[in-house]
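*Asks:* One-letter residues, chain by chain:
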Amino acid sequence: MKKSLIIASGLALTMSAAAMVAEAQQVGQRPVQLAQAPAAPPAGASPTFDAVRQRGFVQCGTNTGLAGFARPNAQGVWEGLDVDVCRAVAAAMFGDATKVRYTPLTAQQRFTALQSGEVDVLSRNTTWSFQRDVQLGLDFVAVNFYDGQGFMVPRRLNVRSARELNGATVCVQPGTTTELNLADYFRANRMQFTPVVIERLEEVTQAYLAGRCDVYTTDVSGLAATRSSQVPNPNDHVILPEVISKEPLGPAVRHGDQRWADVVRWSFYAMLEAEELGLTSQNIDQNMNSTNPAIQRFVGATGDFGRMLGIDNRWSYNIIKQVGNYGESYQRNVAPLGIERSVNRLWRDGGLMYAPPLR
Amino acid sequence: MANGRVAAVSLPADRPVAHGFLSRALLWARANLFSSWLNSVLTLVLAYFLAKGLISFVSWAFIDAIWSLPTQDTRPCRDARAESACWALIGERNRFILFGTYPFEEQWRAALAVGVFLALYGLSTVRAFWNFRLVVIWTVGLAAIGVLMWGGVFGLAYVEQEKWGGLPLTLILATFGIAFAFPLSILVALGRRSAMPAVRMICVTYVELIRGVPLISVLFMASVMFPLFLPEGITIDKLLRAQVAIILFAAAYLAEVVRGGLQAIPKGQYEAADALGLGYWRKTGLIILPQALRICIPPLVNTFIGLFKDTSLVTIIGLYDLLGAAKASIVEPRWVGFGVEAYMFISLIYFIFCFAMSKYSQGLEVEFSRHTKR
Chain X
0 MKKSLIIASG LALTMSAAAM VAEAQQVGQR PVQLAQAPAA PPAGASPTFD
50 AVRQRGFVQC GTNTGLAGFA RPNAQGVWEG LDVDVCRAVA AAMFGDATKV
100 RYTPLTAQQR FTALQSGEVD VLSRNTTWSF QRDVQLGLDF VAVNFYDGQG
150 FMVPRRLNVR SARELNGATV CVQPGTTTEL NLADYFRANR MQFTPVVIER
200 LEEVTQAYLA GRCDVYTTDV SGLAATRSSQ VPNPNDHVIL PEVISKEPLG
250 PAVRHGDQRW ADVVRWSFYA MLEAEELGLT SQNIDQNMNS TNPAIQRFVG
300 ATGDFGRMLG IDNRWSYNII KQVGNYGESY QRNVAPLGIE RSVNRLWRDG
350 GLMYAPPLR
Chain R
0 MANGRVAAVS LPADRPVAHG FLSRALLWAR ANLFSSWLNS VLTLVLAYFL
50 AKGLISFVSW AFIDAIWSLP TQDTRPCRDA RAESACWALI GERNRFILFG
100 TYPFEEQWRA ALAVGVFLAL YGLSTVRAFW NFRLVVIWTV GLAAIGVLMW
150 GGVFGLAYVE QEKWGGLPLT LILATFGIAF AFPLSILVAL GRRSAMPAVR
200 MICVTYVELI RGVPLISVLF MASVMFPLFL PEGITIDKLL RAQVAIILFA
250 AAYLAEVVRG GLQAIPKGQY EAADALGLGY WRKTGLIILP QALRICIPPL
300 VNTFIGLFKD TSLVTIIGLY DLLGAAKASI VEPRWVGFGV EAYMFISLIY
350 FIFCFAMSKY SQGLEVEFSR HTKR
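Keeping their order, the protein sequence lines are chains X and R.
The first sequence begins at 0 in numbering that gives the first Met the number 0 and counts up one residue at a time.
The second sequence begins at 0 in numbering that gives the first Met the number 0 and counts up one residue at a time.
Check before you lean on any hint, since a few could be wrong.
[What the hints assert, rightly or not] Here are the simulated lysine-lysine pairs, BS3-like style, with alpha carbons at most 27 Å apart:
(1) X/K98 x R/K162
(2) X/K320 x R/K162
(3) R/K326 x R/K162
(4) X/K98 x R/K326
(5) X/K98 x X/K320
(6) R/K326 x R/K308
(7) R/K308 x R/K162
(8) R/K308 x R/K358
(9) R/K266 x R/K282
Keep in mind the hints are simulated off the structure, nothing from the lab.
Make a model of the complete structure from these sequences and hints.
*Replies:* Written out as structure tokens, the structure reads:
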């Protein structure tokens, strides 16, 4: 309370007198509004939300090291698209994106860690699937990266479509879905293939580059990353347009705490919404006085969206100021891997990224 | 060596006795490397491959190696991938590999903690300290390490355990693993030879259960299954769970080593102690254990060395020990494919520790068995 007052008053200096009055009124009204807000569930119904608030930081489950999504940099600071989701939640909850503790999790550990309460949010390039949603008791709150399995071939083979791959030798990692999708796709299209199954990522890439197979298949993001960083001449290889599986990756929380799920979901959607509104970490301060009602709502000048979530009304401002919008996060983390936005563009640019309206 | 001695003895007696290093070396080579035409051919072929391998390794690792890069771009390293090592990776990432995600500005504390560990190991080898003073030294030393790593007092910023990593983490897991597993293993070994059926059964069950599964599954149990048994809202730190798993695992193996030592003590020693009217604990503490532990120094150290390296398995439960940090340091696209350099760097560190342990135990063995030699 005190802290948000300090932040609020500090920022108020940069705001117009009218906004200042509005802010002061809102801060003054807060306790009353919290009690009256119909959206806010009664105390005690949100164990995770309450625990996180009391603890003062977000426990975030991440990958143990995946370029672009979550990895510690040379200074040991966590970076990545998945990491930014957790930072956004921390910015929304506490007005400070650094109030996150990361728990690196392996594929086997990740769901238990969430179920047992070791982490509050699992943001670890995890595919949203029926089984995980229903059977494992998880709530996937959003999709922060749309991935899917694809094919890469050397350009000299002159292949333009995956339909032309009949009889090909395919390098693949033994993993349930990748291997199965491959077999399904070839069977569905009545084509033959010879798999070359290699366990380690480095070795499978080397095998492909050495010409032991004609095609290399894995998630498109992985193909693009391999092509941009490990191939001597990226232009010698083509990623085919066919994507044969759906891999929507997104943050997940435990079943049973809707308020916490709402905070995580809308923290991510705020990043999307900001990109749509053209708000970035650079220009959001200049837009504090914007007359655009959508921006006014976004920065918390009007409306009570933060309070409805039970957090600071400047939650979305803090997210964008400290973490940036989705596009910025993508540019910073994923674009350097050579992965194009493609389906991860905003809906109005022809992608799948679509945030429900913030109103 | 043994072969050489036999061969030297079998040389004709009228041969002039070789003096000087060179002629002795020539004699040795003749007796061991060129004793028949088959051996000569084998020696030459092996020497050729050895020299070739050594030369290409030296030129890869030292002469042609790239020690630093002018810019952030790793292209020069990639272009010369086949013939030169890229130590620029270690130059850039050494602090991450050594200290993991420990806050960058505070890493001097982690380095100091490693120094305290090394000092503790060094002091422990001094026999003058082998009494209650060692307990005091270790208590103070471990407290200092705790203060350095956690902080939160004396103006040091608090660093939560999740951020610990690299060499300090490996040393913590190994040191605490050995320090707690060893006493536990002695108790279990004694229990297994106890005359009380209940105690014996418990110890046998414990040892056989743990020895029946690989360390990986014990770690998985501790990190994946165990949290599910706890009531919601109560979580035990991942590091602590891994540490306890390592202690329990190591203790089971050490217990069998110690039991071997106990069984090697002649029955007469037990009977003599009984005849002196000593009780169980005094008999064990004064007569049996000192002899038993001396016998099993080599297998004990063998297990210690194994345990030290086994700590690297905690990578699979997502802790950034030395190996985990090395793996994470080559995740960045710029450095993908430079695993050899990172792994060689950490294997050098592992080797130094393991070799030191092995050498020290050899010295200890000689010293302890002096009374059996004339």
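*Asks:* Can you confirm whether the C-alpha distance between X/K98 and X/K320 stays at or below 27 Å?
*Replies:* It holds: about 15 Å lies between the C-alpha atoms, which stays within 27 Å.
*Asks:* Would you mind confirming whether the straight-line C-alpha gap from R/K266 to R/K282 stays at or under 27 Å?
*Replies:* holds (13 Å)
*Asks:* Take a quick look at whether R/K308 and R/K162 sit within 27 Å of each other, Cα to Cα.
*Replies:* holds (21 Å)
*Asks:* Please verify whether R/K326 and R/K308 have alpha carbons no more than 27 Å apart.
*Replies:* holds (16 Å)
*Asks:* Does R/K326 sit within 27 Å of X/K98, going by the straight-line distance between their CA atoms?
*Replies:* holds (26 Å)
*Asks:* Please verify whether X/K320 and R/K162 have alpha carbons no more than 27 Å apart.
*Replies:* holds (26 Å)
*Asks:* Is R/K308 within 27 Å of R/K358, Cα to Cα?
*Replies:* holds (16 Å)
*Asks:* Between R/K326 and R/K162, is the straight-line Cα distance small enough, at 27 Å or below?
*Replies:* The hint holds at about 16 Å.
*Asks:* Does the alpha-carbon distance linking X/K98 and R/K162 stay inside the 27 Å limit?
*Replies:* Status holds; Cα separation ~13 Å.
In summary, this structure violates none of the numbered hints.
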